[in-house]
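*Asks:* Using the sequences and the hints, build the whole thing.
Just so you know, the sequences run in chain order A and B. Residue numbers for the first sequence follow the working numbering, beginning at 1 and rising by one. Residue numbers for the second sequence follow the working numbering, beginning at 1 and rising by one.
Errors might be hidden in some of the hints.
[Unchecked claim] Simulated DEER-style distance windows between Cβ atoms:
#	chain 1	residue 1	chain 2	residue 2	range
1	B	Q87	A	L252	42 to 52 Å
2	B	D86	A	R164	53 to 63 Å
3	B	G26	A	I112	47 to 57 Å
4	A	P262	B	V142	32 to 42 Å
5	A	R99	B	G119	25 to 35 Å
6	A	S165	B	H331	37 to 47 Å
7	B	G119	A	P92	27 to 37 Å
8	B	Q238	A	R164	33 to 43 Å
9	A	T89	B	D36	47 to 57 Å
10	A	S165	B	G26	54 to 64 Å
11	A	L96	B	D219	41 to 51 Å
12	A	G116	B	P183	52 to 62 Å
13	A	S165	B	D36	22 to 32 Å
14	A	I112	B	D36	50 to 60 Å
[Claimed, not checked] Selected chain A positions facing chain B (Cβ under 8 Å, derived; list incomplete):
#	residue
15	G172
16	G174
17	P178
These aren't lab readings, by the way, just hints derived from the structure by calculation. We treat Cβ as the ideally placed atom computed from N, Cα and C, and that holds for glycine.
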Amino acid sequence: MTITSGGEQAQLHDAASTGVESRANDRSLAGIFLTPALLIGALIALYLYVHSKTLDSIEKRPLNRAFLTTHFIQHLELTGLSTVLVILTAIPLGILLTRPAMRRASPVVLAIVNVGQAVPSIALLVLFAIWFNVGFRYAIVALVVYSFLPVLRNTMTGLQRVDRSLIDAARGMGMTKPLVLRRVELPLAVPVMMAGIRTALIINVGTATLATFTSAGGLGSVIDVGLKLDRRTVTITGAVLVAVLALAIDWLAGLAERVLRPRGI
Amino acid sequence: MAEPADSSSTGGQVIRLEQLTKRFPGQREVAVEALDLEIPAGEIVVLVGPSGCGKTTTMRMVNRLIEPSSGKIIIGDEDVTRSNPDQLRRRIGYVIQQVGLFPHMTIADNIAVVPRLLGWDKHKISERVDELLELVGLEAGVYRGRYPKALSGGQQQRVGVARALAVDPPVMLMDEPFGAIDPITRDRLQNEFLRLQETIRKTIVFVTHDIHEAIKLGDRIAILGKGSRVEQYDTPEQILAHPANDFVADFIGPGASVRSLGLTRLADIELDSVPVVELADSVDKARVVLARTKQDRALIVDEDRRPRGWRRSTDLEQGMSSGGGPLAVLHRSQTVHDVLNELLRTGDTLAAIVDSDGRYEGALRLETIMAMTANADAARTAAADAEPAVLVKGSMPT
Ligand SMILES: Nc1ncnc2c1ncn2[C@@H]1O[C@H](COP(=O)(O)OP(=O)(O)OP(=O)(O)O)[C@@H](O)[C@H]1O
Ligand SMILES: [Mg+2]
Numbered sequence: 001m002t003i004t005s006g007g008e009q010a011q012l013h014d015a016a017s018t019g020v021e022s023r024a025n026d027r028s029l030a031g032i033f034l035t036p037a038l039l040i041g042a043l044i045a046l047y048l049y050v051h052s053k054t055l056d057s058i059e060k061r062p063l064n065r066a067f068l069t070t071h072f073i074q075h076l077e078l079t080g081l082s083t084v085l086v087i088l089t090a091i092p093l094g095i096l097l098t099r100p101a102m103r104r105a106s107p108v109v110l111a112i113v114n115v116g117q118a119v120p121s122i123a124l125l126v127l128f129a130i131w132f133n134v135g136f137r138y139a140i141v142a143l144v145v146y147s148f149l150p151v152l153r154n155t156m157t158g159l160q161r162v163d164r165s166l167i168d169a170a171r172g173m174g175m176t177k178p179l180v181l182r183r184v185e186l187p188l189a190v191p192v193m194m195a196g197i198r199t200a201l202i203i204n205v206g207t208a209t210l211a212t213f214t215s216a217g218g219l220g221s222v223i224d225v226g227l228k229l230d231r232r233t234v235t236i237t238g239a240v241l242v243a244v245l246a247l248a249i250d251w252l253a254g255l256a257e258r259v260l261r262p263r264g265i
Numbered sequence: 001m002a003e004p005a006d007s008s009s010t011g012g013q014v015i016r017l018e019q020l021t022k023r024f025p026g027q028r029e030v031a032v033e034a035l036d037l038e039i040p041a042g043e044i045v046v047l048v049g050p051s052g053c054g055k056t057t058t059m060r061m062v063n064r065l066i067e068p069s070s071g072k073i074i075i076g077d078e079d080v081t082r083s084n085p086d087q088l089r090r091r092i093g094y095v096i097q098q099v100g101l102f103p104h105m106t107i108a109d110n111i112a113v114v115p116r117l118l119g120w121d122k123h124k125i126s127e128r129v130d131e132l133l134e135l136v137g138l139e140a141g142v143y144r145g146r147y148p149k150a151l152s153g154g155q156q157q158r159v160g161v162a163r164a165l166a167v168d169p170p171v172m173l174m175d176e177p178f179g180a181i182d183p184i185t186r187d188r189l190q191n192e193f194l195r196l197q198e199t200i201r202k203t204i205v206f207v208t209h210d211i212h213e214a215i216k217l218g219d220r221i222a223i224l225g226k227g228s229r230v231e232q233y234d235t236p237e238q239i240l241a242h243p244a245n246d247f248v249a250d251f252i253g254p255g256a257s258v259r260s261l262g263l264t265r266l267a268d269i270e271l272d273s274v275p276v277v278e279l280a281d282s283v284d285k286a287r288v289v290l291a292r293t294k295q296d297r298a299l300i301v302d303e304d305r306r307p308r309g310w311r312r313s314t315d316l317e318q319g320m321s322s323g324g325g326p327l328a329v330l331h332r333s334q335t336v337h338d339v340l341n342e343l344l345r346t347g348d349t350l351a352a353i354v355d356s357d358g359r360y361e362g363a364l365r366l367e368t369i370m371a372m373t374a375n376a377d378a379a380r381t382a383a384a385d386a387e388p389a390v391l392v393k394g395s396m397p398t
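*Replies:* Encoded structure:
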């Protein structure tokens, strides 16, 4: 990594070095279909594995369709809702902080947001549960705080990276500032912003596994039941489902990145 | 660029800058100080001067990308310092060195930006896009749907010019538009630009720090010193022949007299005359003509008065038609500089000048050209002497 002076540059490299902004956008077509094939394969293997066992009554309680579906959906809700909330808050904040009037506030805000990310996720969940209450709602808040930074920082980096001369040309042609933002800055920042959102999704899908410790449900509960009752089949089922879900979501996000990337850049 | 069918072009409007001043907050020096300048309608005025003298600042005040600290900008008869800046900019073409094509939009969409802002209908926009692409020499069918990254730098800047012309604005601002382009392409773009301007006749403020470009493109040149102080505002010919002061003389640099030859068209000067004989004439007649005019050679022309060769008194024995050495023939629309080049190439000291039909019209001697540059140099020296070292570069009398 090159040492650069100037906040903008340093930040840009920082974002790059943490792998936040540029995940592989250039997967080949074969790669696109490989992931779902492998994931389906893993699910089939899991199904066959569970069926090959004779389940006792303790195992039968978590290892049935209703229990698994409930927790799977809970997990999706935790991930989806927290990510949507992050998008709805971090992107507008990122836009605000890159406007000339607000630019000076950005280091302060980034420092605060950084704290959220630096605290270990389990600690954050537990702290929120203690401060407020246990349950789904507070788990969501903790997830939002925890995955806020990548979206905020990538929104800012994406916008800051837009060539100044393009904005100059746009203004010089008589585009108003909001129009420049909508037609020039945001479209050009989309790839970097999408990478941030993808990172947030991955963080959330993983961290949601811990939500079970604050009674918020999710696939973490399946793993937790397996561990507590000392049933390997249950633990493995929970773990494989979380892994498959995480990989599937990453795959979908990668697809979205491709589709949403404006043509021409 | 292709000959345009653009008869609807509106031509230019006069721009007047009155006591225009810009002081950037936190800067000790004034970037532009009380600038008065009138830019005639339909002309290219080049702002030229050393780096940091305020050319870009001056230009960007005209479309109010930079707000003047004080002073007025009048376009046509409207004081635009009172207009809505976004509306104003849609009426002023803007071309920059970085071109600034939007990479996520096709060439057509890039050109259509301002027409869309003004709410033109789709059909009119697409017709205009095609017309403009042809105007700047790009085949519409090929380039319309491409993205900017698929174009060369020169092609991109052609699109940049087309985009600026989209709604046929009376005024264009161009900040070093060819500055980032390789010298050969730049030369071609400059020529195309001049040809384009002959048909569109916009009022163009053109910023460069290249005096050669200024001389080539400008109908007038404003040589700016520190704080956009106008050191001289005149035609290129006048600036080269009569620099107003040492600053200007230094800025145009040595070789100005030779360069001024490049601005002097043969049609505009008095040509030398040489004895002329026809191919059909006898050797004796040629001898008589040479003796009478006391010249050492005569130009031989054919029955259409086209130059065929020189004949010296010493080689008349060989008859009229053969030999004679290389012949420098130039057209009336060419410049004295072209003659000089041709004489150097042929190693001769005398060139024949012809009219548009190729008929002999006159001649030009190397001595005559040298006398012209000597006169120009004398004028320059006189101008410099007349203004004793008041203007030390960098320190400005207020
Ligand atoms: N936004 C700004 N804020 C403060 N000072 C500025 C700003 N823009 C320009 N200046 C200063 O104003 C002066 C004139 O700058 P300007 O860009 O107009 O010069 P220029 O003649 O275009 O130079 P160049 O040939 O290098 O482009 C310079 O001293 C520059 O530092
Ligand atoms: Mg400049």
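*Asks:* Each hint: holds or not?
*Replies:* Comparing the hints with the structure gives:
1. Taken as a hint, the range 42 to 52 Å holds for the pair Q87/B and L252/A, whose Cβ atoms sit roughly 45 Å apart.
2. In this structure the hint that D86/B and R164/A lie 53 to 63 Å apart at CB is violated, the actual value being about 19 Å.
3. Under the hint 47 to 57 Å, the C-beta atoms of G26/B and I112/A, about 29 Å apart, miss the expected range.
4. The supplied range of 32 to 42 Å is broken by P262/A and V142/B, whose beta-carbon atoms lie about 22 Å from each other.
5. Between R99/A and G119/B the CB atoms are about 27 Å apart, so this pair conforms to the stated range of 25 to 35 Å.
6. One distance hint, 37 to 47 Å for the beta-carbon pair S165/A and H331/B, holds here, with the actual separation near 42 Å.
7. Remark: the range hint 27 to 37 Å for G119/B to P92/A is upheld by a beta-carbon distance near 29 Å.
8. Checking the proposed 33 to 43 Å range against Q238/B and R164/A shows it holds: the Cβ atoms sit about 38 Å from each other.
9. Our hint of 47 to 57 Å for T89/A and D36/B holds, since their Cβ atoms are close to 53 Å apart.
10. At roughly 24 Å, the beta-carbon separation of S165/A and G26/B lies outside the given 54 to 64 Å, and the hint is violated.
11. Range check, L96/A to D219/B: about 47 Å between beta-carbon atoms, so the 41 to 51 Å window is met.
12. At about 55 Å, the beta-carbon gap between G116/A and P183/B stays in the expected band of 52 to 62 Å.
13. Checking the proposed 22 to 32 Å range against S165/A and D36/B shows it holds: the Cβ atoms sit about 30 Å from each other.
14. Distance hint check: the CB atoms of I112/A and D36/B are about 53 Å apart, consistent with the given range 50 to 60 Å.
15. Proximity of G172/A to chain B holds as hinted, the smallest CB-CB distance being about 4 Å (cut-off 8 Å).
16. The criterion of a C-beta within 8 Å of any C-beta in chain B is met by G174/A, whose closest approach is roughly 4 Å, and the hint holds.
17. Nearest Cβ of chain B to the Cβ of P178/A: about 11 Å, over the 8 Å cut. The hint is violated.
The structure is inconsistent with the numbered hints 2, 3, 4, 10, 17, although it conforms to all the rest.
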